[in-house]
Structure formats: structure tokens, C-alpha cells
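**Q** Protein sequence lines, in the order shown, are assigned to chains D and H.
The first sequence begins at 738 in the numbering used here and counts up by one.
The second sequence begins at 738 in the numbering used here and counts up by one.
Because the hints were derived from the structure by calculation, they are not lab data.
Fair warning: there could be bad hints in the mix.
All copies of an identical chain are treated as equivalent in the list; a pair is satisfied when it fits inside any one copy or across any two copies.
With a straight-line Cα cutoff of 20 Å, these simulated SDA-like cross-link-like pairs (lysine to any residue) come out [as the list claims (entries may be wrong)]:
| hint | residue 1 | residue 2 |
| --- | --- | --- |
| 1 | Lys954 | Ala836 |
| 2 | Lys1055 | Pro764 |
| 3 | Lys957 | Asp814 |
| 4 | Lys785 | His970 |
| 5 | Lys832 | Pro842 |
| 6 | Lys841 | Gly999 |
| 7 | Lys1055 | Gly770 |
| 8 | Lys957 | Thr815 |
| 9 | Lys954 | Leu759 |
| 10 | Lys953 | Asp969 |
| 11 | Lys841 | Thr956 |
| 12 | Lys841 | Ala955 |
| 13 | Lys785 | Arg1003 |
| 14 | Lys867 | Arg742 |
| 15 | Lys1116 | Arg1070 |
| 16 | Lys1002 | Pro977 |
| 17 | Lys763 | Ser944 |
| 18 | Lys1055 | Arg769 |
| 19 | Lys974 | Glu949 |
| 20 | Lys1055 | Asn767 |
| 21 | Lys1055 | Met776 |
| 22 | Lys974 | Leu1066 |
| 23 | Lys1106 | Asp969 |
| 24 | Lys957 | Ala836 |
Remember, predicted model here, so these are calculated numbers, not experimental data.
Here are the chains, one letter per residue:
There are 2 protein chains.
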Amino acid sequence: MRQERKLIMLPGPTNVPDRVMLAMMKPMINHRGPEFAAMLGSIAEGLKYVFETKDEVYVLTSSGTGAVECAISNIIDTGDKVIVPTFGYFSERLKETVARHGGKPIEVPVEWGEAPTAELIEKAIKQEKKVKLIAVVNNETSTGVTVRDLPKIAEVAKRNDALLMADSISILGGDYLPVDKWGVDLCVTGSQKCLACPPGLAMVFASKRAWEVIDKKATKPPYYFDLSSIRDHWLRKETPCTPAISLYYALDESLKMIREEGLEKRFQRSAQCAKAFYDGFEAIGLKPYPAENVRSNTVVTVKLPSGVDVSKVREIMKERYNVIITGGLGKLRDLILRIGCMGIISEAEVLTTINALENTLADLNHPVKIGSGVEAARKVFR
Amino acid sequence: MRQERKLIMLPGPTNVPDRVMLAMMKPMINHRGPEFAAMLGSIAEGLKYVFETKDEVYVLTSSGTGAVECAISNIIDTGDKVIVPTFGYFSERLKETVARHGGKPIEVPVEWGEAPTAELIEKAIKQEKKVKLIAVVNNETSTGVTVRDLPKIAEVAKRNDALLMADSISILGGDYLPVDKWGVDLCVTGSQKCLACPPGLAMVFASKRAWEVIDKKATKPPYYFDLSSIRDHWLRKETPCTPAISLYYALDESLKMIREEGLEKRFQRSAQCAKAFYDGFEAIGLKPYPAENVRSNTVVTVKLPSGVDVSKVREIMKERYNVIITGGLGKLRDLILRIGCMGIISEAEVLTTINALENTLADLNHPVKIGSGVEAARKVFR
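So here's chain D without its partners, still in its complex pose (with noise of 0.2 Å):
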């Protein structure tokens, strides 16, 4: 059976609705003129709506990692004391740009698979003098893991009179995170997790808490991440630099499509896909590798039985099923399978995913029951 498109079940870049991939063919603009204008009005107005804030989101032309390195260099000052729990890959590549951009960085290690809790980050600031920031990885993409604790950390922080900033990459617009009311203070996203946008933008929110340590910040973020700067024009409907207008195009679509379906009912559609995953792999015989109570609505992670390859499975999967998932990262390289489930995630994709795997490991003379997983997860959505 050949598919014209793959399924992409990757963790990012996800599946991108039609709707939102035919916005990029709307005509090439002046990025100072009147219409890019009225596009970033109505941009920064579902920003808002999907971050839950009364405060600016702003947009750069970058992946997420630009938005992170962005919202670290605007608030760290050399030899400033940061908290980065690290429990997965995106863990480590942030406490490297609080390192990189002269933070000291206090690193609080979590088990792989396990997420940090409010008790762990207050133990480690009371420890600490003067802390200026919390950063912490909401959704580890790495192992699938959510800090369920995030809007205790964000009491944490302001009790400790710290700052809280929020690595959302990969769980914006897919799970909880209304920022004004948890009282995150930084906050970061890609376009291209679960805003269900081709990869090339991302997003950072910053409360006024956040806004009175950038404007007394004592040395100059990089040029291209001066958030002052990227403010500035902002309020006057521009960007400092030539934004990426096809994709500017594309996010003010998917920004619609989620006020149309409103994010509630959104976010209950990926708990119920990331439910029927879970339980359709346990069906199947196989464990997911994060523990229960923080396993991820947007990302889902589950271990290879020993002996079954984890590129095998993901060439059979894309080859013969045409669904593409992918390995882990770092140390987890040939032990987990990740899956994203965001975006336009409904029960079509978790069935022909979990379908796919099953057959898979049949392929791989791997004893499974075929179907099994399929019926475990059909349950879940009746």
C-alpha cells in the first residue's frame, strides 16, 4: 500500500492541515507596509488566546531553541544564579545556553523519565542565594515528560522572588498553560509542535515581572534576539528583522483553526489520542517509558522490548505502513520509540500508528497479537 503523503508522527515538524499549508501561498507582502501589519495584529492576537495571557507574545523567525536562547540571553546577566532541572536532552541543551550566555547554571538532576517537582526546585533555591531565574523544560521532548508541578514551580519562583521560564516547545496549544494565571514569566514555543505549522517560527511570551529584569539587564543580548528591540517594533506592527512572511501567513491560519475548535476541547482531543497510545501500547505488551503521573498529552514515549531495533521498527513503519516515528535522543537512542500526538491528532492517526506498530513487530517475528493494540485504543474514543 503506497500513500501519496506519510503520516508524520514525529515529535515535531507534525502533520500540517491543508487550510494551513495553502496560507503559504497567499502573495508575497512588504513586511513594512500596511497588510504585514494587519496579519501580525490578528497573529498577536491568537497569541494570546492560545497563551492565555493579556500580555505580548512575540514572534521570531527561528526554531525553538532560537526562542529559548532568546529568553535566556534577555534575562542573564554574567555569574546569574539559574535552577535548570535536567532530566532529558532539552534539559542539557538548556542549562548549556544559561552556561553559554555567562548564567551560572544550578543543576538539579531528575531520573530520565521522572519530572522535577515543586518540593525539589524549593529545596534547591533555599539552598541557593539569590536565584534570578527557574528554567525548566515543560515538556521533555526527549523522554515525554510534563512538569505537572509547573504552576507550583511558578509559586516556587515568585515566593523565592526568582524568575520562572518555561521551555513550552513542545506542549503550547496542546495541553494547559494559561500563563497569566500560573504566573510564568517566560514562556517559549515553535510553530511547528502542536500550533500544527511547518517548522521556521517561534514564540516568546514575557510577564511584566519578566519585562522590569530585561530593562535593567546590564550587557546587550545578541542583535538578533534583542527582545527590547523585537518589542518595539512589535507595538508598532513590524519586526526588526525581514520576518518569514510564508510562515507568518501560515500561523495567523492555525491560530484561527485553534480559536475555531477553542483550546479546551483541543486539549481534551490530545489527552484522549495520548490516553488511547498508552493504553493501546500496554495492550500490545509494550511499557511507556515515562512514570504514569507525568506522562505526556503531546508526546508520547514507549520502551522497545530488548532485542527489537529501534531503526528496524522505524524503517518498517515508514516503509511498509508509511507512518514516521523516531528514535530517542541521547542515551535513550535505541531504547524508546517517540511519537507525537499533536496538532491534528484525532483517532484516524493513533489507529493507523498503533496498526503500524503491531504489524511492525509481527514483521520482526516479535510475538504480539495483532489487534490487540488497535481494540485497546478504539475503546478509548467510544
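Fit chain H to the given chain D structure using the hints.
**A** Relative to chain D, chain H alone:
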């Protein structure tokens, strides 16, 4: 008369060919998979052709300004001396970027509308000791001036044991720039100018001499712009962060179109169109802004007669005649018009633009012999 699409005669973004636009509709793929790797290989070959180099040219998901910052921040350590001739808005910005990364910019001021000469740069470098880099805006998009001495400035750099960086954002792919032959060490450009892609990608070339400096650099550049990491990933046909996949499709297609046409023919086409613009303007009685010997073939600028309002001219050209051009930057804001002569530029676009300008000036009751500009321009193509 309403056209479906307005003619985008901006000095970037420029009109994008349908083939390139449609390439963005290709399906989302894994940026760590073989399909993306194959595309990166094709892009790499295309970029070597356009930059006329045997070495690698790297692609960033950012604007051209991001690529300038990438080049500067991978070369400059605190206190390093950098000669920056300033002769417009973007060379001022380049100077600021040098300073922001701890470099000591040695400004060589040149009158706006003129270009720095090799003699001037050599005089400046002789006065200073241990200059690490000469950083030149190759084509000042704000004034429409091309630095025709670039190959001679490369010789000055070599003689004085400095590197040469060219910000070639608005010229590469539109006029001669063989980086190997001329000895340019770092050269950056953007997707939305002479390559006729949508905005959002930028390219960085580094010579072997440049890599010797980059590899010895004491401090690390921003994570997102770390050229060593970008190179390591590029050599295995990957990018460190998620790339703007749809824009890579567009870039690949645009590079194929450039190879089909051939660089020489493309440069001649742009030069001929630029001459038609300049001749057309003079026939109308308007004076090109730059000195005659440094006029750009890719960004055309012209002074408006006193009493004629730049924003009114732009508005009428856009609303009545469907042609979008722009005004000056910085101190030239209300004095000149700037017009892109890039990408798909041909006789049709030139005549349409000049015709629109003639009509607009007549609409504004400026004495102009309607048809004289079009006639002068038309002759250039016969």
C-alpha cells in the same frame, strides 16, 4: 485596473516565481530523515554554484541579519579590531553588531551614495595594528551602492593578515561574487533577495582561512548561531535545530532555476534591467541617488524632486498602479525611492514600474513628459 497580485518591486522581499512558491507545498518530512538529507545535499551543491566556491555554504533559519550576526560572533573575541566602512543604514547596523559581540569597530566613514575604496580601507588598516576583520556591506540596500572594490579589498585583507567579511545580502545571486576567486572569507546572504525565495533563510559561507580563526576562537558564539555545530551537522546533512523545511524546499527549487538559467546570464539580465531603470529615471528628469560608478545592479535608488512626497508617491503607485516600491531608510527616508532589481526581474517589470512612476508624478502635478522614461528604458532592451 486591478491586478490579482501587486508587483513587488521592493529591495527584498522580491517577487517569488510560481515554481518556488509551489515547492513549499511539498509534504512535511522528518528533518532527521533521508529525504531531508537528500534535499540538503542538493541545496549544498546549488549554493556552491551560486557562491562560486568549493567550500561549504551553510543555511540558517533566520533573516540575513541573523547570518551577519552568526559570521561576526563566530570570528570576534572581546577587543578584536574590526574595520567597518559606514556608508548607509546597514553598515551602521553591522558596526553595532560588531560592538555587541565585544569587537572594537574601527569606523571608516564614507559619504552616503559613495562606496568605500580599497585605498581608503588600506589607509585605515595601516593606521591600526592587528586588525582581525574587515567587515564590508557589499551592496548597501539603503543607498543602492555596490562596493566594486571588493576583490581589491580582499587583497588588502590578505596583505594585512586580516579576514574579509562581506554582507552580500542584497547582491549575491544578482551580480558577480566569486568568493573563492576574489578571496572573500565570510559571505552572507538572505533568501528573499536575489535568490527570489520567500524570506526566512540565510546563508553563511566561510573560507578555510576563516575556519582557522573560528576553530581558535576563545569565547563561544550564541548557541543558535554556533557555526562549528552547524558545520558538524551539515556534513552529515542535518541542522542542529529544526529547520524551516518548507523554505528549504523553496530554496532548493530556486537554486535549480538559477542553475538552469546560468549565473552569467542572470547577472547580465539584472545589469540590463538596472541600466534601463537608471536611463528611464534620467529621461524623466530624476537623478539616481548613488554616484554613477558605484550604482547597484540589484537595488536601484533615485532622488525625488523637492516638493514631491515619498509616501504619496508610494501610495499612488501601489493603489492606482499596483506596483510596490519603498522609500529611504534613516536620514534618506523622505528623499529617495528604492526599487528592487532582483530575482525574476525583466523588461516587463522595469517598464511597468517606470510607467507607474511616470503616471504617479503626473497625478501629483509634477511636470513630466509621460512616456519618456518608458521609452528610454525600452531602448536598453533593443
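**Q** Give a verdict on every hint.
**A** How the hints compare with the structure:
| no. | hint | result |
| --- | --- | --- |
| 1 | Lys954 <-> Ala836 | both (17 Å within a copy, 17 Å between copies) |
| 2 | Lys1055 <-> Pro764 | between (35 Å within a copy, 15 Å between copies) |
| 3 | Lys957 <-> Asp814 | both (9 Å within a copy, 16 Å between copies) |
| 4 | Lys785 <-> His970 | within (17 Å within a copy, 35 Å between copies) |
| 5 | Lys832 <-> Pro842 | within (6 Å within a copy, 32 Å between copies) |
| 6 | Lys841 <-> Gly999 | neither (40 Å within a copy, 52 Å between copies) |
| 7 | Lys1055 <-> Gly770 | between (44 Å within a copy, 11 Å between copies) |
| 8 | Lys957 <-> Thr815 | both (11 Å within a copy, 14 Å between copies) |
| 9 | Lys954 <-> Leu759 | neither (42 Å within a copy, 44 Å between copies) |
| 10 | Lys953 <-> Asp969 | within (16 Å within a copy, 37 Å between copies) |
| 11 | Lys841 <-> Thr956 | both (16 Å within a copy, 16 Å between copies) |
| 12 | Lys841 <-> Ala955 | both (16 Å within a copy, 19 Å between copies) |
| 13 | Lys785 <-> Arg1003 | within (16 Å within a copy, 45 Å between copies) |
| 14 | Lys867 <-> Arg742 | neither (52 Å within a copy, 57 Å between copies) |
| 15 | Lys1116 <-> Arg1070 | neither (31 Å within a copy, 65 Å between copies) |
| 16 | Lys1002 <-> Pro977 | neither (36 Å within a copy, 34 Å between copies) |
| 17 | Lys763 <-> Ser944 | neither (33 Å within a copy, 38 Å between copies) |
| 18 | Lys1055 <-> Arg769 | between (43 Å within a copy, 14 Å between copies) |
| 19 | Lys974 <-> Glu949 | neither (22 Å within a copy, 42 Å between copies) |
| 20 | Lys1055 <-> Asn767 | between (41 Å within a copy, 11 Å between copies) |
| 21 | Lys1055 <-> Met776 | between (37 Å within a copy, 18 Å between copies) |
| 22 | Lys974 <-> Leu1066 | between (39 Å within a copy, 18 Å between copies) |
| 23 | Lys1106 <-> Asp969 | neither (60 Å within a copy, 43 Å between copies) |
| 24 | Lys957 <-> Ala836 | both (16 Å within a copy, 10 Å between copies) |
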